[in-house]
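Enquirer: All chains, full assembly: derive it from the sequences and hints.
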Amino acid sequence: MAAILSNPSAAEAVASQAGAAAGARPMRIALIGNPNSGKTSLFNQLTGLNQKVGNFPGVTVDRKSGFAQLTHTQRAEIVDLPGTYSLYPKSLDERVITDLLYDKSSASYPDFVVVTVDANNLRRSLLLFTQLGDLGLPAVLALNMMDVAERHGVNIDLPALEQELGVPIIPMNARNGIGVAALKIVMAQRLDAPPVRCWEPDDQLLPMVRQIRYYFDLHNDYLALHYAQQFRQIGFLSADDKAYLQELTQQYGFDPTAQQASETIARYARINEILLETVTVTRTETREPISNRIDRVLTHRVGGYLIFLAILFLLFQAIFAWAQYPMDWIDQGISALSATIQDNFHGPLIRLLTEGVLAGLGGVLIFIPQIALLFGFLAILEETGYMARVTFLMDKLMRPFGLSGKSVVPLISGLACAVPAIMGARTIESWKDRMITIFVTPLMSCSARIPVYTVLVALVVPDEAAWGIFNLRGVALMSLYLLGLFSALASAWVLKTVLKARERSYFIMEFPVYQWPRWKNVGLTIYQKVQAFVLQAGKVIVAISVLLWVLASYGPGQQQETAEARVRQEAPAQHWGDAEISRRVASARLENSYAGSFGRALEPAIRPLGYDWKIGIALLTSFAAREVFVGTISTIYSVGQDADMGTLQQKLQAEKDVNGQPFFTPARAFSLLVFYVFAMQCMSTLAVTYRETQNWKWPLAQLLYMTGLAYVAAFAVYQALA
Amino acid sequence: MALFRRSSQKVAASAATRRTAKDLRLGETGTICCLEDPEMALKLLEMGCVPGVKVRLSGRAPLGDPLMLVLGDQEYTLSVRANEAATILLKE
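First to last, the protein sequences are chains A and B.
Residue numbering for the first sequence follows this note's numbering, beginning at 1 and increasing consecutively.
Residue numbering for the second sequence follows this note's numbering, beginning at 1 and increasing consecutively.
Worth flagging that the hints you see were computed from the coordinates, not collected in a lab.
Worth double-checking, as some hints may not be accurate.
According to the in silico footprint, chain A covers these stretches of chain B (three or more CB under 8 Å from chain A) [claimed, not checked]:
#1 34 to 44
#2 47 to 61
#3 77 to 90
Below, a list of computed lysine-lysine pairs in the DSS-like style, where the Cα atoms sit at most 30 Å apart [claimed, not checked]:
#4 Lys-43/B x Lys-432/A
#5 Lys-104/A x Lys-43/B
#6 Lys-91/B x Lys-104/A
#7 Lys-500/A x Lys-432/A
#8 Lys-539/A x Lys-242/A
#9 Lys-90/A x Lys-496/A
A virtual CB, placed ideally from N, CA and C, is assigned to each residue, including glycine.
Expert: This is the structure:
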């Protein structure tokens, strides 16, 4: 490349072609491969911390991309595509790949692809690879997990395989980075499309294929065949194009299923020939693979479920008990900072800073330990391969509820956040299973509810051990999660009987081999999720806190002043001390503020649930996002409290009802908790449900159903306990 | 034990006509002959269930379904529901 650059005219001549590599824009390289072929590890090795998660245009599948420094002067954009077994997509997730690879004119069309191939599973991995090669995409084959293959006695004649496939092959071990340097060197060069074709449409198909090829001006027969196969799902084709293809395929009597089956079998036949010449297996290991032995324990008919339950319990103990220490430090740190500022400075701006901004910020930062622990746990379960076993264990159990084993992963991810969980439901092929999963996932207690649960449970459940081992608060927290789970299952069952669909559901899935989690990947996941929470949720929370502070500090007309004057007039007759007077003044001012008016207006509707107008304000703001609840109450209760009043919990405990009794009785707290378990209070979830279902009926039904359920359940709890 | 005997009787009954991957006994190996259901076949083919490949039943989920099938010589494991396994016909 340097040679070309030193000669300006030559550089111009190739600028249109090699512009990408010459630095006009960095090369774009797509990573593609079977699930569990080590694609994510390779992506992390190539890009490190230099990655971002976005969306593919038009759809909501995560588009992970990042930049890799290939040589000193050359950077390339790496796009991580969802794992797939072939170019015939079965799920929405996989359609992203075809949409990207079929449209050569698209701005995001890759310059070439790196195909990750599991050296232990060559036959199956090469199926996808030969399809990509036949599309005429320049490709590099990253032959991964070489260490395991060697241990299994698999010997691969690399030069011969390179010859047969017509592409460079880099043996590697992405987990510990072996081979990554060599791969970068190959990636930095400009590659041509592989000269070898593994399979071509047979003569019978050619008339139709050629017609499509010339009509759409495609570079390749095989691509034209894919248009005929999949035009209904290709996003970038216009309605006219689709009508044309519909007519053409009908005219030629094209049978996509039969063609696809015969193509796949023909490819396997060719791959077998290649492998016969290039791969020899000398079994060094006669023992059963370790994974199978682990499976016998982890999927045992009794032990399997017990282990799963134990893991879940450990998860909740971690979130509640272990996260407590760092959370306390953050809480105390923020209130100490706030008190220091208030001791040294005065004025409305300082009050805005401490009671508005700092109170809100504290409400965001304090949940970082819990969110990090939760996402860390989920990442470890996914990394080790245990999540697939959970799917397997749960399938039969989930089916009576109209869900499949594959619904378990979205449901468990729903514990972190319903938004990615609902997107994760894309891997479920059956429409009905998928709709039910999407509908009930928000009932799983997401991490945004943790703040609410934590604060309220700590308020009414003593911090004691039951039977010597279980922390009572941990037990209470787990019960809330179980309540969410059971309501999700019950709702799924109801939906199953309501929804009519004559469609079969699949459950064919590969078991990844057990392996130790790659801590780098776990760390990256935690970092990305915490960052997203702080930046995205945090912005909303701080903004709402500031807005609330304003609404709570100012009121319409002279109402606040009149109310204050009335309290001060009454004071001498009632023999109130100074502290009592200032508390009553603050309370009267808040009641007559803008926020107070909103809460008052709402109060008749929520009084049966045991709530007052202060909680009403919090409920109202929670409809943007649940986690705002804590920020809201801490703002509302700081207004009118001394700033050095300490932590939120102390403020809440100090809150008195009209009779001077503590306001947060168990009845009130549990009613609130149950309300938050069920209520649909998340704009982002509603938005993502709409995008995923493409129908307003679904988010609307979710909103009405869940909030209705919340109201009824909270009412029942309060009336029963009060 | 009773469960086991009952299921092996079922195997004996259907063996006269045809055997599928669903009818394999725990640990038994068969060879895939063909795939019955065209739509399911596409997915199974992609996952490596190709005629001629060996298939071994290595386990069942605690409630008897889905099944754990080990494919080929290179030993990788698929999870397949019983009714899906029933579309994989085995050679005699």
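Enquirer: Each hint should be assessed against the structure and marked as holding or not.
Expert: Now the hints, each set against the structure:
Evaluation of the coverage hint for the stretch 34 to 44 of chain B: fulfilled, as 7 residues show C-beta separations to chain A shorter than 8 Å, against a requirement of three. Counting residues of the stretch 47 to 61 of chain B whose C-beta lies closer than 8 Å to any C-beta of chain A gives 7; at least three are required, and the coverage claim holds. Counting residues of the stretch 77 to 90 of chain B whose beta carbon lies closer than 8 Å to any beta carbon of chain A gives 6, which meets the minimum of three for the stated coverage. For the proposed pair Lys-43/B and Lys-432/A, the alpha carbon gap of about 19 Å is at most 30 Å, so the pair holds.
Simply put, Lys-104/A and Lys-43/B have alpha-carbon atoms about 27 Å apart, close enough for the 30 Å limit, and the pair holds. Among the hinted pairs, Lys-91/B with Lys-104/A is inconsistent with the structure: their alpha-carbon atoms are about 45 Å apart, more than 30 Å. Between Lys-500/A and Lys-432/A the CA atoms are separated by roughly 8 Å; this keeps the pair inside 30 Å, and the hint holds. Straight-line distance between C-alpha atoms of Lys-539/A and Lys-242/A comes to about 43 Å, which puts the hinted pair past the 30 Å bound.
Distance hint between Lys-90/A and Lys-496/A is fulfilled; the C-alpha atoms sit about 23 Å from each other, no more than 30 Å.
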